[in-house]
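**Q** The residues making up each chain are set out below.
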Amino acid sequence: AQSVSQHNHHVILSEAASLELGCNYSYGGTVNLFWYVQYPGQHLQLLLKYFSGDPLVKGIKGFEAEFIKSKFSFNLRKPSVQWSDTAEYFCAVNPTGAGGFKTIFGAGTRLFVKA
Amino acid sequence: NAGVTQTPKFRILKIGQSMTLQCTQDMNHNYMYWYRQDPGMGLKLIYYSVGAGITDKGEVPNGYNVSRSTTEDFPLRLELAAPSQTSVYFCASSLEGGQPQHFGDGTRLSIL
Numbered sequence: 018a019q020s021v022s023q024h025n026h027h028v029i030l031s032e033a034a035s036l037e038l039g040c041n042y043s044y045g046g047t048v049n050l051f052w053y054v055q056y057p058g059q060h061l062q063l064l065l066k067y068f069s070g071d072p073l074v075k076g077i078k079g080f081e082a083e084f085i086k087s088k089f090s091f092n093l094r095k096p097s098v099q100w101s102d103t104a105e106y107f108c109a110v111n112p113t114g115a116g117g118f119k120t121i122f123g124a125g126t127r128l129f130v131k132a
Numbered sequence: 004n005a006g007v008t009q010t011p012k013f014r015i016l017k018i019g020q021s022m023t024l025q026c027t028q029d030m031n032h033n034y035m036y037w038y039r040q041d042p043g044m045g046l047k048l049i050y051y052s053v054g055a056g057i058t059d060k061g062e063v064p065n066g067y068n069v070s071r072s073t074t075e076d077f078p079l080r081l082e083l084a085a086p087s088q089t090s091v092y093f094c095a096s097s098l099e100g101g102q103p104q105h106f107g108d109g110t111r112l113s114i115l
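Chains as they are written, first to last, in this note's numbering: chain V, 18 to 132; chain F, 4 to 115.
Since the hints were derived computationally from the structure, they do not count as laboratory data.
Heads up, the beta-carbon is just placed ideally off N, CA and C, and yes, glycines get one too.
Among the hints, a few may not be true.
Partial list, computed: chain F residues near chain V (C-beta under 7 Å) [unchecked claim]:
id : residue
1  : Gly43
2  : Met44
3  : Leu46
4  : Leu48
5  : Tyr51
6  : Gly61
7  : Gly100
8  : Gly101
9  : Gln104
10 : Phe106
11 : Asp108
Derived Cβ-Cβ restraints for the label pairs, each shown as a range [claimed, not checked]:
id : chain 1 : residue 1 : chain 2 : residue 2 : range
12 : V       : Gln19     : F       : Lys17     : 33 to 41 Å
13 : F       : Ser70     : V       : Glu83     : 39 to 47 Å
14 : F       : Ser87     : V       : Leu73     : 21 to 29 Å
15 : V       : Tyr56     : F       : Met30     : 47 to 55 Å
16 : V       : Thr47     : F       : Ala55     : 48 to 56 Å
17 : F       : Arg80     : V       : Gln62     : 26 to 34 Å
18 : V       : Ser20     : F       : Pro86     : 33 to 41 Å
19 : F       : Glu62     : V       : Gln62     : 16 to 24 Å
If we strip away everything but chain F, and leave its shape as in the complex, we get:
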C-alpha cells in the first residue's frame, strides 16, 4: 500500500520557470490537500480538493494552480516561479474532510 506519493523529491528552478508537482494516492480518498512548510512557520494550506473536479483555495493560493481530474491525482502547478515559493511542499489526503491524515514525503523546491 503506497499511500500518498509525491514526485519529485527535490527540484531547483530558475525564476520564471514553471513546473508541476505530482501527487497521487491509492486509498480512494476524496479529500486531498497541498501544503507548504517554511522554517518556523508551520504548514500553510495552498489548495484543497473535496473530490474529482472540485478544488478550492486555501490560505496561500497565489502563484499556484491545481486540478483534480481523477480521485487519485492532485497535481500542483507553479506557472512563474518566484524566490518566495522556495519551500517544502506536502501533499496529503483523508477520508474525512478537514483532517489530513496521510502525508507524502514532500518535495523540496528551491527557486534561484
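Chain V with its partners taken away, still in its complex shape:
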C-alpha cells in the first residue's frame, strides 16, 4: 500500500536555526507532492507543491522543498526559522495514476521554535 513517512514526530529549534523535515513516500509511479502547515488552532494551509519541472520548489514564508526521485523523498527546508513557524507540518503525496484523487498524508511533524 502507498504510504508517506515523516521521520521526526517532534522537532525543537531555536530561532534562526536551520530546518529540514524529512518526508519519504512509497509509490513507484508519478506523484504530485505537497507540504501543508497547521498553525495552533487553525486549519491546514498549503505551504508548497511539486508537480513537475524544477525539483526545488519554493513556497510561502521562505520555505522550500526538494524532490529527489531516486530517494522517493520530498524534504522541507527553511534556512532560518522564526518563533511564528511553530506549527505542525504534513507531507502529502498524490499518486497521479488510477485513483489519483486519493492524496495520502504523513503523520505530521510538530515543530516548536524557541524564542
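Following the hints, complete the assembly by docking chain F onto the known chain V.
**A** Leaving out everything else, chain F in the frame of chain V:
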C-alpha cells in the same frame, strides 16, 4: 469569501447515535474531500467527490456515508456512532483533483 465552512465545531455523541457533519464551500470547486485526523496518525481520507452526484471511497470509509447533491455541499453522515470514530474531521475542497487546497476549521467529535 467564506471558503470552506464546517458545522458543528464540537459535538459529543453517545454510542449508536447518528449525526451529519455539514460542509459547504462557496468557491465553485468540483472536488471535495472528508478527512479524519487522529493524534500521531496524520489525515486519513474518508470519502471524496469529483462533482455533484459523484462520490467515492477513500482510505477509511467504513461507518460513514456521503452525498453530493449540489456543488456547494458535501455532508458526512455517521449512522451508528462508535468510539473508534472519535476524531477531528476536516472537509476540504480544490479546483484540481487530488490536491486538497482549502480546508475547513474542523469538527471535533467525541463518542462516549
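**Q** Of the numbered hints stated previously, which ones are contradicted by the structure, given in increasing order?
**A** Violated: hints 14, 15, 16 and 18.
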